[in-house]
Amino acid sequence: MSRKTLIPIGPYHPLQEEPELFKLYCDGEIVKDIQWVTGYNHRSIEKLSESKTYEQVFFLVERICGICSTSHPFAFANAVEEIVGVEPTDRAKYIRSIIGELERIHSHLLWVGLAGHFLGYNTVFMWAWKYREPILDLFEMITGNRNSYAMFKVGGVRRDIEGHKITAIRKILGEVKSKTDLLTGAVMDDPVIHARTKGVGVLTRQDVIDYAAVGPTARASGVAIDVRKDDPYAAYPLVNWKVITAEAGDVFAKAEVRLLEMYESISIIEQCLAGLEKEKEGDITVKIKEIPEGIGNGRAEAPRGEVFHFVLSDGSNSPARHKIRAPSYVNIATFKKSCIGQTIADATITLAGVDPCYCCTERMAVVYDANSGKKIMNAQELIDISARRTIELNRNIRNQI
Amino acid sequence: MKTDSIIKIFKEKFTSDILETIRKNERRFIVTIKPETLVKVAEYLYLSEGFRFIIASAIHTKRGFEIHYHFSKDSEGLVLNIHVILDRNNPEIESLSNMFNASNWIEREMHELFGINFLNHPNQDKLISEGNWAEGVYPYRKDFKSITEE
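Line order of the protein sequences matches chains A and B. In terms of the working numbering, the first sequence opens at residue 1 and continues consecutively. In terms of the working numbering, the second sequence opens at residue 402 and continues consecutively.
Pulled out of the complex, with its shape left as it was, chain A reads as follows (with noise of 0.2 Å):
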């Protein structure tokens, strides 16, 4: 009698970008099933939130997610703000928009990268973190951290963007640019890229409405909510820009919206540097005295969606109650809907075009055989499967030429 081995390859592991478990239940090519299993890494933030004063919220939230770790303090902010019924300064609301929008072009360099990478494209992989990298130094010139960068609090941010600043983030903005367009044209014109991902994943209209999808994931589908247009926050009612949408609500649908969505960032940014310098330098914060009792709802637009925080204040120095929910907490459980039916090496894309963060929850997908049950692949199998795929589309293509 042979006997099988099974090397389990996380929860945790190097390999995994973060901790998360999809179990694909298969009949032969096609996935039939899928599940999500979460709670290995849960830290219970609302919890802890409880235990500590409305200053240090700001760093605790700030750690939920390292690719956007502004939003949540963003909401927050927003938040306890509506509870003290302030408004923070312009010069602040500029300063809290340009820190927004950085990051929403840093986190969506980062999913094309990965994106191509689980299509076997490591050169749009290579390509897309490297243009990211001069946006981490940005932030690390504005806040002093590459990540995690500590700029909001109660009625305003923690540090000024003086005006040697303002050149220096034009001067890289304008190349980050001019990337952008050579990634968007490398990604938008490429037809295997066509082939792999249209029609893949697709997500209906009705769909996203059932789901309360949000962010790109609803975008894609013709749904336009932008928390940025629809509930007005920081500065960006003092700017012009466009909520990009598409219609086919598949994976290349997923990827026009955020690759356009940069170009939108970058407009917003340009446009608060000059909003910026019409501002007196160092009027940054509102002096707060007490955060009294009440309720706050405060919702940000985070690269991936809608974040929502709420707040309730008892007129003490921390929150009673904190509710706190992340865009990918709604986004991910769509893939009930835009898995279902596809191959495996389709399904590796559908699950990444979501831009699924799962603010620590547990990373691995697995694949199971919808009749026996058995394990049959893990995550590093789907991703080359995946790629082998892309391989084979190329050569058809090619031959075809």
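These are calculated hints, taken from the structure and not from any lab test. Don't take each hint at face value.
Said to hold, decoys possible - Here are the simulated DSS-like pairs of lysine-lysine, each with C-alpha atoms no more than 30 Å apart in a straight line: (1) A:Lys289 x B:Lys425; (2) A:Lys153 x A:Lys229; (3) A:Lys198 x A:Lys23; (4) A:Lys23 x B:Lys527; (5) A:Lys52 x B:Lys463; (6) B:Lys409 x A:Lys229; (7) B:Lys543 x A:Lys47; (8) B:Lys546 x A:Lys52; (9) A:Lys32 x B:Lys527; (10) B:Lys403 x A:Lys229; (11) A:Lys171 x A:Lys280; (12) B:Lys441 x A:Lys336; (13) B:Lys463 x B:Lys412; (14) A:Lys153 x B:Lys543; (15) B:Lys403 x A:Lys242; (16) A:Lys179 x A:Lys165; (17) A:Lys278 x A:Lys242; (18) A:Lys47 x B:Lys546; (19) A:Lys47 x B:Lys435; (20) A:Lys153 x B:Lys425; (21) A:Lys229 x A:Lys242; (22) B:Lys527 x A:Lys52; (23) A:Lys278 x A:Lys229; (24) B:Lys527 x A:Lys47; (25) A:Lys130 x A:Lys198; (26) A:Lys47 x B:Lys463.
What the hints assert, rightly or not - Computed spacing ranges between beta-carbons, pair by pair: (27) B:Met500 x A:Lys171: 44 to 54 Å; (28) B:Phe415 x A:Gly66: 39 to 49 Å; (29) B:Lys463 x A:Lys198: 50 to 60 Å; (30) A:Met141 x B:Lys409: 44 to 54 Å; (31) B:Pro523 x A:His194: 35 to 45 Å.
Just so it is clear, CB atoms sit at the ideal spot from N, CA and C, and this is done for glycine as well.
Once you have looked at the hints, place chain B on chain A.
Here is chain B on its own, set in the frame of chain A:
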């Protein structure tokens, strides 16, 4: 403001079910309703008025268990909190997951962390602590004490 008229029509429709309305500002409203009318109210908001379900927040207070169901009318930037107060000893309320999938996970989470029972939920399994947490111990309740506190 348009949001005021939306809330006015809503209040007129459910006059006998609404206990209290608070207007925080033109884009934030809190409406307390009788728990047994939740499905009716959610049906009106989601199916007829096109509200999006954001999330629900449970709170353990002196009054018992409270849930804020956050609904968003995206075209107006309106966040409407539908607020219910549940019984302290036997917190239960009808599930919304049969209407939209968006509330499936959060109801499982509230069940797990607060011990609130959602009636007719399609699958009220544990979401976060599957397999490594004791039954009947609810960590987000105010009377919960961790081992280090005891």
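Going through the hints against the structure:
Restraint check for Lys289 of chain A and Lys425 of chain B: satisfied, since their Cα atoms lie roughly 20 Å apart, inside the 30 Å limit. Taking the CA atoms of Lys153 of chain A and Lys229 of chain A, the gap is near 23 Å; set against the 30 Å cutoff, the hint holds. As the CA atoms of Lys198 of chain A and Lys23 of chain A are separated by approximately 24 Å, the hinted pair is consistent with the 30 Å bound. In summary, the hint linking Lys23 of chain A to Lys527 of chain B is supported, as the alpha carbons are separated by about 17 Å, within the 30 Å threshold.
As the CA atoms of Lys52 of chain A and Lys463 of chain B are separated by approximately 21 Å, the hinted pair is consistent with the 30 Å bound. The hinted pair formed by Lys409 of chain B and Lys229 of chain A meets the criterion: a straight-line CA distance of about 24 Å does not exceed 30 Å. With a C-alpha separation of about 10 Å, the suggested pair Lys543 of chain B and Lys47 of chain A falls inside the 30 Å cut-off, and the hint holds. This hinted pair checks out: Lys546 of chain B and Lys52 of chain A have alpha carbons roughly 17 Å apart, not beyond 30 Å.
Between Lys32 of chain A and Lys527 of chain B, the direct Cα distance comes to roughly 23 Å. Compliance with the 30 Å bound is thereby established for this hinted pair. A hinted pair counts as satisfied when its Cα atoms are at most 30 Å apart, and Lys403 of chain B with Lys229 of chain A qualifies at roughly 17 Å. Restraint check for Lys171 of chain A and Lys280 of chain A: the C-alpha separation of about 22 Å stays at or below 30 Å, so the hint holds. Restraint check for Lys441 of chain B and Lys336 of chain A: satisfied, since their Cα atoms lie roughly 27 Å apart, inside the 30 Å limit.
The suggested pairing of Lys463 of chain B with Lys412 of chain B holds, with an alpha-carbon distance near 27 Å, which does not exceed 30 Å. For a cut-off of 30 Å, the pair hint linking Lys153 of chain A to Lys543 of chain B stands: about 28 Å separates their Cα positions. At most 30 Å may separate the alpha-carbon atoms for a hinted pair to count; Lys403 of chain B and Lys242 of chain A meet this at roughly 23 Å. Annotation: proposed proximity of Lys179 of chain A to Lys165 of chain A holds, straight-line Cα distance about 21 Å (limit 30 Å).
For the hint pairing Lys278 of chain A with Lys242 of chain A, the CA-to-CA distance comes to about 23 Å; that is within 30 Å, so the pair holds. Between the alpha carbons of Lys47 of chain A and Lys546 of chain B the distance comes to roughly 12 Å, so the proposed pair stays at or under 30 Å and holds. The suggested pairing of Lys47 of chain A with Lys435 of chain B holds, with an alpha-carbon distance near 28 Å, which does not exceed 30 Å. For a cut-off of 30 Å, the pair hint linking Lys153 of chain A to Lys425 of chain B stands: about 22 Å separates their Cα positions.
Proposed proximity of Lys229 of chain A and Lys242 of chain A is supported: the alpha carbons are some 8 Å apart, at most 30 Å. Distance check on the hinted pair: Lys527 of chain B and Lys52 of chain A sit about 27 Å apart at the alpha-carbon level, within 30 Å; holds. Between the alpha carbons of Lys278 of chain A and Lys229 of chain A the distance comes to roughly 24 Å, so the proposed pair stays at or under 30 Å and holds. Between Lys527 of chain B and Lys47 of chain A the alpha-carbon distance is near 18 Å, which keeps this suggested pair within the 30 Å criterion.
The hinted pair formed by Lys130 of chain A and Lys198 of chain A meets the criterion: a straight-line CA distance of about 26 Å does not exceed 30 Å. A hinted pair counts as satisfied when its Cα atoms are at most 30 Å apart, and Lys47 of chain A with Lys463 of chain B qualifies at roughly 18 Å. The beta-carbon spacing between Met500 of chain B and Lys171 of chain A, approximately 52 Å, falls within the hinted interval of 44 to 54 Å. Distance hint for Phe415 of chain B and Gly66 of chain A: a CB-CB separation of about 44 Å, consistent with the stated range 39 to 49 Å.
Lys463 of chain B and Lys198 of chain A have their C-beta atoms about 56 Å apart, which keeps the hinted 50 to 60 Å range intact. Between Met141 of chain A and Lys409 of chain B the beta carbons are some 50 Å apart, a value that agrees with the proposed interval 44 to 54 Å. Between Pro523 of chain B and His194 of chain A the Cβ separation comes to about 38 Å, which falls inside the hinted range of 35 to 45 Å.
In summary, the structure agrees with every hint in the numbered list given earlier.
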